[in-house]
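There are 4 protein chains.
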Amino acid sequence: MNKRKICVVVTARPSYSRVKTVLSEIKVHPELELQLVIAGSALLDRYGNASDFIRKDGFEAVAKVYMVLEGENPTTMAKTTGLGLMELTNVFFNLKPDAVICIADRFETIATSIAASYQNIPLVHIQGGEVTGNIDEKVRHANTKLADLHLVSNEDARERVIKLGEDPEMVINTGCPSIDLAKQIKNEKSLNFDPLKKYGGVGKKINWEKEYIIIMQHPVTTEYERSREHVMETLFAIKDSQIPAFWFWPNVDAGSDGTSNGIRTFREQENPENIHFFKNMEPLDFLRLLKFSKMLIGNSSVGIRECSFMGVPVINLGKRQDRRLRAQNVTDIAHDRYQILKGIKDVLKRGHYKSSSMYGNGNSGKKIANILATVDLRSSKTITY
Amino acid sequence: MNKRKICVVVTARPSYSRVKTVLSEIKVHPELELQLVIAGSALLDRYGNASDFIRKDGFEAVAKVYMVLEGENPTTMAKTTGLGLMELTNVFFNLKPDAVICIADRFETIATSIAASYQNIPLVHIQGGEVTGNIDEKVRHANTKLADLHLVSNEDARERVIKLGEDPEMVINTGCPSIDLAKQIKNEKSLNFDPLKKYGGVGKKINWEKEYIIIMQHPVTTEYERSREHVMETLFAIKDSQIPAFWFWPNVDAGSDGTSNGIRTFREQENPENIHFFKNMEPLDFLRLLKFSKMLIGNSSVGIRECSFMGVPVINLGKRQDRRLRAQNVTDIAHDRYQILKGIKDVLKRGHYKSSSMYGNGNSGKKIANILATVDLRSSKTITY
Amino acid sequence: MNKRKICVVVTARPSYSRVKTVLSEIKVHPELELQLVIAGSALLDRYGNASDFIRKDGFEAVAKVYMVLEGENPTTMAKTTGLGLMELTNVFFNLKPDAVICIADRFETIATSIAASYQNIPLVHIQGGEVTGNIDEKVRHANTKLADLHLVSNEDARERVIKLGEDPEMVINTGCPSIDLAKQIKNEKSLNFDPLKKYGGVGKKINWEKEYIIIMQHPVTTEYERSREHVMETLFAIKDSQIPAFWFWPNVDAGSDGTSNGIRTFREQENPENIHFFKNMEPLDFLRLLKFSKMLIGNSSVGIRECSFMGVPVINLGKRQDRRLRAQNVTDIAHDRYQILKGIKDVLKRGHYKSSSMYGNGNSGKKIANILATVDLRSSKTITY
Amino acid sequence: MNKRKICVVVTARPSYSRVKTVLSEIKVHPELELQLVIAGSALLDRYGNASDFIRKDGFEAVAKVYMVLEGENPTTMAKTTGLGLMELTNVFFNLKPDAVICIADRFETIATSIAASYQNIPLVHIQGGEVTGNIDEKVRHANTKLADLHLVSNEDARERVIKLGEDPEMVINTGCPSIDLAKQIKNEKSLNFDPLKKYGGVGKKINWEKEYIIIMQHPVTTEYERSREHVMETLFAIKDSQIPAFWFWPNVDAGSDGTSNGIRTFREQENPENIHFFKNMEPLDFLRLLKFSKMLIGNSSVGIRECSFMGVPVINLGKRQDRRLRAQNVTDIAHDRYQILKGIKDVLKRGHYKSSSMYGNGNSGKKIANILATVDLRSSKTITY
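Residue numbers (our numbering), protein chains in the order written: chain A, 1 to 385; chain B, 1001 to 1385; chain C, 2001 to 2385; chain D, 3001 to 3385.
Calculated from the structure, these hints are not laboratory results. Incorrect hints may appear among the rest.
Unchecked claim - When the alpha-carbon atoms are kept at most 20 Å apart in a straight line, the in silico SDA-like pairs for lysine to any residue are as follows:
id: 1; chain 1: B; residue 1: Lys1204; chain 2: C; residue 2: Arg2267
id: 2; chain 1: B; residue 1: Lys1198; chain 2: C; residue 2: Gly2165
id: 3; chain 1: D; residue 1: Lys3381; chain 2: C; residue 2: Gly2165
id: 4; chain 1: B; residue 1: Lys1003; chain 2: B; residue 2: Ile1371
id: 5; chain 1: B; residue 1: Lys1381; chain 2: B; residue 2: Lys1205
id: 6; chain 1: B; residue 1: Lys1064; chain 2: D; residue 2: Ala3061
id: 7; chain 1: C; residue 1: Lys2319; chain 2: D; residue 2: Asn3120
id: 8; chain 1: C; residue 1: Lys2210; chain 2: C; residue 2: Ser2380
id: 9; chain 1: D; residue 1: Lys3239; chain 2: D; residue 2: Phe3277
id: 10; chain 1: D; residue 1: Lys3198; chain 2: A; residue 2: Glu268
id: 11; chain 1: D; residue 1: Lys3205; chain 2: D; residue 2: Asn3280
id: 12; chain 1: A; residue 1: Lys381; chain 2: B; residue 2: Gly1165
id: 13; chain 1: D; residue 1: Lys3204; chain 2: A; residue 2: Glu270
id: 14; chain 1: A; residue 1: Lys5; chain 2: A; residue 2: Lys366
id: 15; chain 1: D; residue 1: Lys3319; chain 2: C; residue 2: Lys2319
id: 16; chain 1: A; residue 1: Lys367; chain 2: A; residue 2: Glu33
id: 17; chain 1: A; residue 1: Lys204; chain 2: D; residue 2: Gly3203
id: 18; chain 1: A; residue 1: Lys96; chain 2: C; residue 2: Lys2064
id: 19; chain 1: B; residue 1: Lys1197; chain 2: C; residue 2: Gln2269
id: 20; chain 1: B; residue 1: Lys1381; chain 2: A; residue 2: Glu33
id: 21; chain 1: B; residue 1: Lys1319; chain 2: A; residue 2: Tyr385
id: 22; chain 1: C; residue 1: Lys2096; chain 2: A; residue 2: Glu270
id: 23; chain 1: A; residue 1: Lys204; chain 2: D; residue 2: Asn3120
id: 24; chain 1: A; residue 1: Lys381; chain 2: B; residue 2: Arg1323
id: 25; chain 1: D; residue 1: Lys3381; chain 2: C; residue 2: Arg2323
id: 26; chain 1: B; residue 1: Lys1205; chain 2: C; residue 2: Glu2268
id: 27; chain 1: A; residue 1: Lys279; chain 2: A; residue 2: Ser51
Please read all numbers here as calculations on a predicted model, not as lab measurements.
Chain A with its partners taken away, still in its complex shape:
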């Protein structure tokens, strides 16, 4: 009769990919009503306007909120969060959801958490309990302490959230919904689209048909001055490797300007023959591209999650994913062009890994929707110790 209204706040392109199946399953669930809010960099062309993908996928936003301040530095990150908090509070106040879903640990996600919890709306946090080595670490655990229900991606995370003093009954390992997408393409045997034709991008036309690698490198917030330097090491390694490479532009974050700037300078000066750049790709196509690549290089959590399920080898750079639970497919390497180059050669020899279900087996979206429909929602709690 009275459907539970579930408000999901998507503030960035990668977050959307991560919860796409959750949105679908909420939308079709007979006892749930989806209230989708698109905000932050998910609305911005510079970060590959996720808003367009979302509409194409058949979802309609009940509200959109511009909230990202220009500057891409720690000061504008904090102000963006404050602005988002004010606006999302107003959005929730007018939508009156029965629960709000906050996704993971990007800096602005705490705005969602505060706006919901302060208004006594049950707050559901997805992907808490993991460990990394930067500002996300603070944000993620603060989100946990504000949330009422924790839907985590793996057992390790579940134990950590419980250690943080949360009621074990409210901490459920649903697996990561990003794996659901990877499962959808599990049986595909070869890449079913031409990335250059379908997505354009910039840079030299590369011969990717035989083999290619993928790079996705984000700035690390707490040391954002060094992001330019770090990305340079990767760029030189990729250039020297001579392997055809698809490079994905970083998402919004303090220092993305450092990284972007590094890439632009490199392109201008070195004019690399073997690198082609993309801003964005539809989530499934991106996973397909990954699936049939020789490896992923960079510091994206995609390497830790989706790639573990797909068995794609990953060269994980620097500290961004430090201490995040990982399967065998991940090799950690420092920001050093020679070590990266050596790593690439080793991985090429090694080849793909077998699938791991450490981050779920592809049913997370459905599990999450069912929990949302049946769990005893509440907006108050006390630490367990």
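Starting from the structure of chain A, add chains B, C and D where the hints point.
Showing chains B, C and D alone in chain A's frame:
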């Protein structure tokens, strides 16, 4: 040479009382420079403009920030926090402090925590690790997860912060600086001022010279509709007791209107002969008044902290201080006029308790200043498990 | 087919009264769709929550926006406006109205004007072109310079807006819609409700049945320190007059605390026998009360507008309505208790005036709705000289 | 003794150039103290961080304010203004200036005007009274209606401000301070720096030594979808002309993405041999470059102001400067590549013009400082008719 700049953000009258000796000790410390920011309800006449007391005490604010939205409901609490976050970010950006101090667990304190931590300014949290039964609970532990250094008030709190995954070296029991003030008046033998003459207030003139009690009752956020009802129980109990009573107006919080409204209605209809109302009092005078009172009734943390050191009996009402570590002086009673009345009679028979140092021994301000001058300040951390 | 969506932003109780018939006429017009936004002090209990009246009158808000900062001083007025601008921008962005209506000249109305005009939404300004002697004066004419269509209340205002460089075709004298309400009760012969019973209020019970006066005094922004002093003069005059008086609480504005504080102090000290206080009243009831009163005293624009049509004598105090076009019913008097007292006596002798249609003849709502349905809406203009 | 504190808010690179001599003259004036606030796009690298130039020129900001929202569309323009209003209010509240200077008519300047005028701080508006054909038009005249003192650039503007109902004594033609800079280099005979060496930039190395032209084209807000199309016409005309050209990147504005995007696409596809791109240049160097160029093409107000004094021919494109008072040096041409190309050839034949003092004679900074030191500052006014 280069003094460490310590920025303290005071957002409410009670917070000021709690850190007054910390401010003094930072101010006189040769290696520290105090940057005092006054914000939120501490600037508002309706909540007993703390700004005036602060100036009289010899402190000068480097910045003031109006940030409280009208409405006193969960929605405006969240928006106030967002506005504060934007403004405090700007204040810190321009002041460039070496560390920021965030006090306790009021809803808007998380604005201080985010503004500092997102800008990579070491964040010092005072009075983390305690347990209560409302929204403060979420805020306090979220502050802990954002903070880099934890200066807690008691051993119980220290252990809890460590359990929350914080590095034990960065969790120090300094005792509560509010006890420092209580220590200053330890040897006074009788009340050295006439509260009616010095502070005016409203309501009937009462004969307090022989005996009197004090009431301080705040709304409980998560059930703010009931705050009116709750305060009514207390008001009837006090009226029936016929004991001269000084009642302190609640501070800003969702529902304070419920409480204030209850008080106003009661005054209009019942015209109580034995209750006199104050908005505010200088912190030391307030402690003096407490020290020589028969008891404190209500749900203020003053009953838990300062009163434990002074041995003043406390009738603690409702759930607001649930699970907060307490000494023998505290008796818990529900929001029921008959139980409260009975409690009052019992306490009157029982009399004062002996001093407990559970919340410190009166040197916290100095300890904190010394730690701030010498500790290895950092703005990055990883959970310990 | 495609109805024009007309978004009306109501930010205060008096603004609502002023446009009530406009709302009704838009709502029933076959070519228009009403998008009502309630914001600012119209949501606050302290200012007589207009939101409740609005709902009772059968209107439903599509969005509500808390935006008033506490402090009631020039600084919080400016910040309130900034906050409102951010939020209303978002509201319009999501509602996509075909035109936005901005009402009159309260400080926060410029937020509506900027949010609409910057987003290229045709802006309709109601009640521009008048003249007063305070901050409203700046706000009103700035609104005019931002607006695309001007629906003014009288010929004098029409000429002034044209002098300000606006295209005469876009400046239309519709009369003031507040007169529409006054027309509705034109034929009533006596007060059809008991104000004390229906609205409660505070203060002594007064014998109003034979004769009574009404007071409505707002602070004057640019000299808000003096508002306490000014209101005291009126209070003493009313007390000395011994005439039964209904006093209406001031609306939100810098200095309302000065005024409110003055009233509170006076009540406490002087305990006036002949004054009863109200916070609010349904608009029609308020007009009825006015219609059958001996006079209105204060500085409200109601004295200039509605009272001119109803022929109610007005003692207009101080500079707030300076230079506003007025009919014979208005007598200007300084903030001086003796002059006010003398004025009261003179007016009592004189009695009511005959109706003036200077501010319209009671069809403004319908005229405005028709214009909105047919006018060539545009969002760009150039000064005419 | 007590110097008048004059707060100048610089929100964009071009505004800085325009008031640079005002800043210098305030700084050295014995009765004035400069409070410089840098905000908005003046802090952003993407728009040629004016902050760096300002510091090099010896000015120090007392406060910096990030306030630009990402998106570059009408919605983010309005929100940026709201955010700026909140923050600037706080800045003025803490700085307590005796007067605030608001510069010209960019969208965010109204934030300065409201923050000052609502706080009863005398507001000085520079460059009011001019006429253009877009949103600036609304902003400029609204600023005029909020301002207390008007320092205009020419007689035409002076008359218009007076027509707008301002007190003639408070409307002073000081000339435009941007002319002061042009005067400083009046006697230079040739370009004393190599723009490619000193400023780098991007694009082909061009042979500018013999002759070159300059392009500066901004998006026009109210038709921002067309900005991409418009800039393309100019790009093709310049390419076809084969004349060495220095192109300056547009400043922040709704649609700058359209313009920037057009430029990027053109570069990628057409790889023009004769165009070199700059983001920014020190103001004096920019004027030097203009002075020795064959002409300026675009829609910048520099063509109307500085170029009139320097006698540099200008091809003014589209409607952005419509109705702005202009000297003989300006030729108006539509956004059409063939007409632009023909215009270029005509201007090359015609050569430079003689200097006009229509926008001042180079002493505006000093005049303005003297006025600020001596004028009767006030923060209240009433329309003159």
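Right, here's what the structure says about each hint:
1. The suggested pairing of lysine 1204 of chain B with arginine 2267 of chain C holds, with an alpha-carbon distance near 15 Å, which does not exceed 20 Å.
2. For the hint pairing lysine 1198 of chain B with glycine 2165 of chain C, the CA-to-CA distance comes to about 60 Å; that exceeds 20 Å, so the pair is violated.
3. Of the pairs offered as hints, the one joining lysine 3381 of chain D and glycine 2165 of chain C holds, with about 19 Å between alpha carbons and a cut-off of 20 Å not exceeded.
4. Distance hint between lysine 1003 of chain B and isoleucine 1371 of chain B is fulfilled; the C-alpha atoms sit about 14 Å from each other, no more than 20 Å.
5. A C-alpha spacing of about 56 Å is found between lysine 1381 of chain B and lysine 1205 of chain B, which places the hinted pair above 20 Å, so the restraint is violated.
6. The hinted pair formed by lysine 1064 of chain B and alanine 3061 of chain D meets the criterion: a straight-line CA distance of about 19 Å does not exceed 20 Å.
7. The hinted pair formed by lysine 2319 of chain C and asparagine 3120 of chain D meets the criterion: a straight-line CA distance of about 17 Å does not exceed 20 Å.
8. Under the criterion of a C-alpha separation no larger than 20 Å, the hint pairing lysine 2210 of chain C with serine 2380 of chain C is inconsistent with the structure, at around 56 Å.
9. For a cut-off of 20 Å, the pair hint linking lysine 3239 of chain D to phenylalanine 3277 of chain D stands: about 13 Å separates their Cα positions.
10. As the CA atoms of lysine 3198 of chain D and glutamate 268 of chain A are separated by approximately 19 Å, the hinted pair is consistent with the 20 Å bound.
11. The straight-line distance between the Cα atoms of lysine 3205 of chain D and asparagine 3280 of chain D is roughly 17 Å, inside the 20 Å bound, and the hint therefore holds.
12. Under the criterion of a C-alpha separation no larger than 20 Å, the hint pairing lysine 381 of chain A with glycine 1165 of chain B is consistent with the structure, at around 19 Å.
13. For the given pair, lysine 3204 of chain D sits about 16 Å from glutamate 270 of chain A by alpha-carbon distance, which is consistent with the 20 Å threshold.
14. Our distance criterion of 20 Å between C-alpha atoms is met by lysine 5 of chain A and lysine 366 of chain A, whose separation comes to about 16 Å.
15. The hinted pair formed by lysine 3319 of chain D and lysine 2319 of chain C fails the criterion: a straight-line CA distance of about 44 Å is larger than 20 Å.
16. For the hint linking lysine 367 of chain A to glutamate 33 of chain A, the alpha-carbon distance of about 16 Å falls within 20 Å, and the restraint holds.
17. A C-alpha spacing of about 18 Å is found between lysine 204 of chain A and glycine 3203 of chain D, which places the hinted pair at or below 20 Å, so the restraint holds.
18. Of the supplied pair hints, the one linking lysine 96 of chain A and lysine 2064 of chain C holds, its CA atoms being roughly 12 Å apart against a limit of 20 Å.
19. For the suggested pair lysine 1197 of chain B and glutamine 2269 of chain C, the alpha carbons sit about 17 Å apart, so the restraint of at most 20 Å is met.
20. The suggested pairing of lysine 1381 of chain B with glutamate 33 of chain A is violated, with an alpha-carbon distance near 39 Å, which exceeds 20 Å.
21. In summary, the hint linking lysine 1319 of chain B to tyrosine 385 of chain A is supported, as the alpha carbons are separated by about 17 Å, within the 20 Å threshold.
22. For the proposed pair lysine 2096 of chain C and glutamate 270 of chain A, the alpha carbon gap of about 47 Å is over 20 Å, so the pair is violated.
23. For the given pair, lysine 204 of chain A sits about 59 Å from asparagine 3120 of chain D by alpha-carbon distance, which is inconsistent with the 20 Å threshold.
24. Taking the CA atoms of lysine 381 of chain A and arginine 1323 of chain B, the gap is about 12 Å. The hint holds against a cut of 20 Å.
25. Between lysine 3381 of chain D and arginine 2323 of chain C, the direct Cα distance comes to roughly 12 Å. Compliance with the 20 Å bound is thereby established for this hinted pair.
26. With a CA separation close to 13 Å, the supplied pair lysine 1205 of chain B and glutamate 2268 of chain C stays within the 20 Å bound.
27. A distance of roughly 14 Å separates the Cα atoms of lysine 279 of chain A and serine 51 of chain A; the hinted pair therefore holds under the 20 Å criterion.
Against the hints set out earlier in the document, violations occur for numbers 2, 5, 8, 15, 20, 22 and 23.
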